[in-house]
Each structure stands twice: as C-alpha cells, then as structure tokens.
Amino acid sequence: QVQLVESGGGLVQAGGSLRLSCTTSRDMDSFYIMGWYRQAPGKQRDLVATITSSGVTTYADSVKARFTILRDKNTAYLQMSSLEPDDTAVYYCNAKAYSASSPYWGQGTQVTVSS
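Residue numbers (my numbering): 8 to 122.
Any given hint might turn out to be false.
Using C-beta positions, here's what the derived DEER-type ranges look like [to be verified]:
(1) A72 with Q8: 32 to 40 Å
(2) L54 with T82: 13 to 21 Å
(3) A21 with N81: 26 to 34 Å
(4) G15 with S69: 16 to 24 Å
(5) P110 with Q20: 20 to 28 Å
(6) D68 with S32: 28 to 36 Å
(7) D93 with D36: 31 to 39 Å
(8) Q8 with S89: 30 to 38 Å
(9) W112 with G49: 13 to 21 Å
(10) D79 with P110: 17 to 25 Å
Hints were generated in silico from the structure; no laboratory data involved.
From the three backbone atoms N, C-alpha and C, an ideal C-beta is built for every residue, glycine too.
Construct the entire structure; sequences and hints are all you get.
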C-alpha cells in the first residue's frame, strides 16, 4: 500500500510563504505524475499544480508565478509565496502510479492565510 504524507501547512500572514512536502513510501520513479490539490470549506477539491516524471509542470491560473512544484527522489514539494487569504484550504498530495489504476491521496495539510 502506497502512503503519501503531507507536512508543512500552518498559519501565515498574507504575503508570506510556506513550503509543503509530500513524502511517499515508494521511490518517486513509481509515479508518472504528482500533484497538489486543495479544498476550501464548502468548495470542491481543485487542482493546484502537477509535475510529471520528466519534470513538466502545470499550474492553476490562480497560483501561476506564486507557487512552484518540485520533486526529488521520494518527496514532492509545493513552494508557495505571496500567499493570499483565498489560498486558505486543506492541501492534498496526489500521486498516479504506473502500476495502479487509481491515484493515491495523502491525508491533507491545512494552510490558513490571514489578512
């Protein structure tokens, strides 16, 4: 069973920065795409950013130029800067493995941005 463990969330003032980490129980080469999603209270879970095994990245328009997704041997990161109150949400790590038909999810980490 693959495990994804997120960390790095917390409370930050608007304009501040946070770095989220998603550590996997398998080598990152097992996953062809890693992603970060977020869900604010009463809203659907939305895609924030993805990174493929070859390093190709995509971002939601709302976070472009502010967030950066990275990956190394067994961790995916979401570097967030210029945070805004609208970035407040639970952030979830997502991984799609070559060997699985369904993606894996982490338990989520809360990010709260105060104005």
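Structure-based check of all given hints:
Between A72 and Q8 the CB atoms are about 37 Å apart, so this pair conforms to the stated range of 32 to 40 Å. A hinted range of 13 to 21 Å for the beta carbons of L54 and T82 is consistent with their spacing of about 20 Å. Range check, A21 to N81: about 32 Å between beta-carbon atoms, so the 26 to 34 Å window is met. In this structure, G15 and S69 meet the distance hint of 16 to 24 Å, their C-beta atoms being roughly 20 Å apart.
Take P110 and Q20: their Cβ atoms lie about 33 Å apart, and the range 20 to 28 Å is violated. Checked against the given bound of 28 to 36 Å, the beta carbons of D68 and S32, roughly 32 Å apart, stay inside it. Separated by about 35 Å at the C-beta atoms, D93 and D36 satisfy the suggested range of 31 to 39 Å. Take Q8 and S89: their Cβ atoms lie about 37 Å apart, and the range 30 to 38 Å holds.
Between W112 and G49 the Cβ separation comes to about 20 Å, which falls inside the hinted range of 13 to 21 Å. Evaluation of the 17 to 25 Å hint for D79 and P110 yields a pass: the beta carbon distance comes to about 20 Å.
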